[in-house]
Structure formats: structure tokens, C-alpha cells
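J.: Model the full structure from these sequences, guided by the hints.
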Amino acid sequence: MTPAIQVDRVSKSFGGVTALDRVSLEVEQGEFFGLLGPNGAGKTTLISIIAGLTRASGGTARVMGHDVVKDYRAARRALGVVPQELVFDPFFTVREALRIQSGYYGIRDNEAWIEEVIEHLDLTSKADTNMRALSGGMKRRVLVGQALVHKPPVIVLDEPTAGVDVELRQALWRFIRRLNRDGHTIVLTTHYLEEAEALCGRIAMLKQGAIVALDTTRNLLDRHSGCYVVLRIEPDRLPDSLAAHVTERLEGGAYRLALKNYDEVESLMATLRAAGVKVQEMEVMQPDLEEVFVQIMNKN
Amino acid sequence: MTGFSTLFYKEWLRFWKVKVQTILAPVLTALLYLLVFAHTLRSHVEVYPGVEYTAFLVPGLAMMAVLQNAFANSSSSLMQSKMTGNIVFVLLPPLSHREFFVAYLLAAMARGLVVGVGVFVAAMAFVDVPLPHPGWALAHAIAASGFMAALGVIAGIQSEKIDQLAAFQNFIILPLTFLSGVFYSIHSLPPFWQTFSHFNPIFYMIDGFRYGFFGQADVSPWLSLTIVTSSFIGLSLLTLSLIRSGYKLRH
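Residue numbers (this note's numbering), protein chains in the order written: chain A, 1 to 300; chain B, 301 to 551.
Mixed in with the good hints there might be a few duds.
Okay, the calculated bits of chain B under chain A, using three or more residues with CB under 8 Å as the criterion [claimed, not checked]:
hint, stretch
1, 307-314
2, 382-389
3, 392-404
None of these hints come from the bench; they were simulated from the model.
Just so you know, these numbers come straight off a predicted model, no measurement behind them.
Ideal Cβ positions, reconstructed from N, Cα and C, are used throughout, including at glycine.
T.: Below is the structure:
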């Protein structure tokens, strides 16, 4: 099957500054793919190259097998992009904006789908309101709608939930999950790692324009073999030999310790017992994506 | 609708929705010029024999309105879209560089011509203006509005800030239009400025346009139309290659 997105040794420099350095990755059709990385890692630049908004300095990008430069019409028709910035055209209402966007793709008689998009994004009551009069969250929904008017098989969302309230964020994810179930390929960048962990099947991590990790979310979590222990002890005096394990002192006096594996829990308990310290409360936790992310970013 | 016709329609709506500002205001400005210049100069100036100064002024003012509004439409639309970021809405879809250019061009020409017709019609209420050769007038109006619309596309793409665009408008477009013979025949100028005017494409736009009204002009209408049309085509080719290269649009 043709990959939904194929990026092959893509580089980009802006006047001597390298934003992307020979990045290669493939996203299969139907995947829910996450693109993570700190600010300035090159996520938006990569998305812009895939969308044809930026020209790569080297390498090629394809959407559904179509080169984004040579065969840009087919590539752009296959792609829907929700930009990071909250942009809108102040001259139009929600429905006009969606109709115009649909027209740019040369689609005739798209009214039924436009109405469906309006309904699914809960925009019915605002459909004839000027874009200027909408709240930030509503504008965000319209942006999602504009990316969907031409029913693209591949949808890219660049930090769609930045600055969005909880309710809308959840509604948005329900909708995007549904699109993914219906067969759309989703590529997502986000700063909320718990979101990526919950949604994405596969994740690429970018740092300074290069991919530093590319694997399934499960494998990335497993790769971090350790675990965490949260402890509250009496007396509140941790033996010195354990000090190196402490990652954090939590509110309420609990310690958070990092262990290499679950076996170390046993020796931890033994050390505490030998020091005459009683465990009042204890919780063993699996690492989450945030831990993995921090570890990978620090290692590279 | 096709992508091209949608973009044209969107650009048309953009000025039509605010027509008080984009059409009525420039018509009123032209009428004020007519009122002030005509009343102060009517008895002092006769440019062409048998043509009253007030009548002489009308085609010049109409053409100036065409030029300024064609330029303003494409330049400000692109500039605003770039500033607010909503230019992505037209950069993401599968529009070719030709469709992109021609849609902005035609919408800007349309606004220029609508305002020009508005000035002419409004002036008719006060002045009798003949129009013996409407074909010459129309041909010059179309080619001239196209030239300025294309120039507006370049200025809109090139400018990164409002003041850059304002500088373009105030230091290039405005002097060239004022020094092109809107208010006078260049034969009334000192020799240096007469020669200088012949290097100003806007001079030919107004001169050829005026021929349509009075059957007389400073240079042959064939020469004007040739110069204006070839400038328009040359500028369009330049604009197309800029858009195609992604210059300042697809960094």
C-alpha cells in the first residue's frame, strides 16, 4: 500500500540555520501518528514542507504517493492541514469560509458535506456568524472544518489543542478519533504528551531538526525499562544510599525515586527496613511518555 | 466552481462587501478633485481647443481612480492575508501559480474599472463629456488596470509590513500618477519634464484613454496602447515567475 506520507532525506535551512537535517519517515495509511519535539525542533517546518507551504532545501516529500512539488495538485488534494496559528478571514461567515475553502479544491455540490462538518464540529448555531465574532475555540473548530471540506485521506494537525479549553479539546479528540476510525490518516503535533500517549499509535521525536526516536508508542514506553516509586516514610529520613535515586520531593513530603527495574523494589525495601524506616505509603508507577521524552531529549 | 473562479469570487466579495470604502469613497474623492480644480482653473486653462477644462479633467480623474484602485485591491488583499496569516487558505489548495495570479489580477482590475465607471457616471451629472471612441477608452482602461493590478500583486508579495506597502504607494504610485498628465497636458510642461513624462508608463495610460473622449491626445493612441499593453504583459510575466518560484509566499 502507498504510504500516506513519505519523507525522504528532507533538509531545510533558513539562511545558514539548519531547521531540518535529512529527515526521513513514513506514515502508513490509517495510522494515528505523533510528531513530538521541543519548540524549534522543526515540527512545523516539516509539516509546512509536506503541505507545500515551504520548499525543502533537499530531499523529497510525498503525500499518498504524490510528490509535493512535481505533482502538487494531487498531493494537496490528498492533504488537509489545521495550522497552528489561529488564522481566519475577517470578511466571511463560518459557512462562507467553508464554502470558499471547498471551492478552492474545485469541488462541486459540496453542500451536504459542508453541513455535516458544521454539525459535527458543533458550529450550527454560529454558521452565519462572521469569523471575527467567534471565540478562539470556535475559530479553532472552523480551522478543523476548513481542513476537512475536501475530504482529504490525510489530515495533519499542528498543535490543534494549544490554548483550547478542556471541553473543546475532548470534543475535538472524539471527532478526530472518529475520522481515524473512518480510515483517515492522522498526523499530530502536540505539546501535551499525555494526549500523544493516549492517541498515537506511532511517534517520531524531533530534536534540532533530526529524528531522535521513531517507534510505536508501546515500544517507546517499553524502551524505558525502569519504574518509579513514590514513598512516604516515618521517620522522614531517607537512608543516604538511596539519595541518588530521588528524582523529586513531592508535596506532602513524599519522595519519588527512579529504579532501573522492578527487582530493585526488593532491595529498596530491604534498605529501608535495615535503616529502621517504616513505609507509610507506597506506589509503584510505570513511566509515561513524558519520562521517555525527557530521557530521549537529554540523551541526544 | 473551480479553484480559480472561487478565488476570483472571494477576491471580488472582499471589496464588494465593503463597497462604501472601496468604491464610493474613491468616487467621492475624484468628484472633490473635479469640483475644486474645475472651479479654480476653468477660466484659466484650455488644454485642447474647444474642450472645456472641466471636461478635460474627467477622463484623467476616472483613469487615476482606475489605476489607484486596481493597485490598492491586489496589494492590500495580499498584504493583509500575509499579515494575518490567512494566506495559508489559498496556499494549501491545489491552485496553480497561473490561477493564483489571474484571480487576484482580474478582481483588482474589476475593482479599478468599477470605480472608474463610477467616477465617469458621477461626473456626468455635472459635466458634459463626449465619448466618440469608446473602444480606445476601454482598451486603455483594461490594459492599464491590468498593469496596476499586476504591480499590486508584486507589491503585496514583496511587502512585509504595512509601511513598506504605504511607501510603495506614496513614493512610487502617487507621484507617477500625478506626474502623468491627469490635470494637464504634458505639452504645458517645461521640456525636461515633458521628456521625463515619456518614460512614465502611466502617462500613456491616461493619454490614450483621453483620446477615446476627445479624439485628440499628446501622442498617437496606437503608440500608447502598444506601450501600455506590452508593459502589462511584461509585468505579468515577471509576476508569474515570482509566484511560481514561491518568492516570499512559500519560503
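J.: Could you run down the list of hints and mark each one as holding or not?
T.: A quick look at each hint next to the structure:
1. Counting residues of the stretch 307-314 of chain B whose C-beta lies closer than 8 Å to any C-beta of chain A gives 5; at least three are required, and the coverage claim holds.
2. Look at the stretch 382-389 of chain B against chain A: 5 of its residues bring a Cβ nearer than 8 Å to a Cβ of that chain, three or more, so the hint holds.
3. Interface restraint, the stretch 392-404 of chain B with chain A: holds (5 residues with C-beta to C-beta distance below 8 Å; minimum three).
This entry satisfies every hint, going by the numbered hints stated previously.
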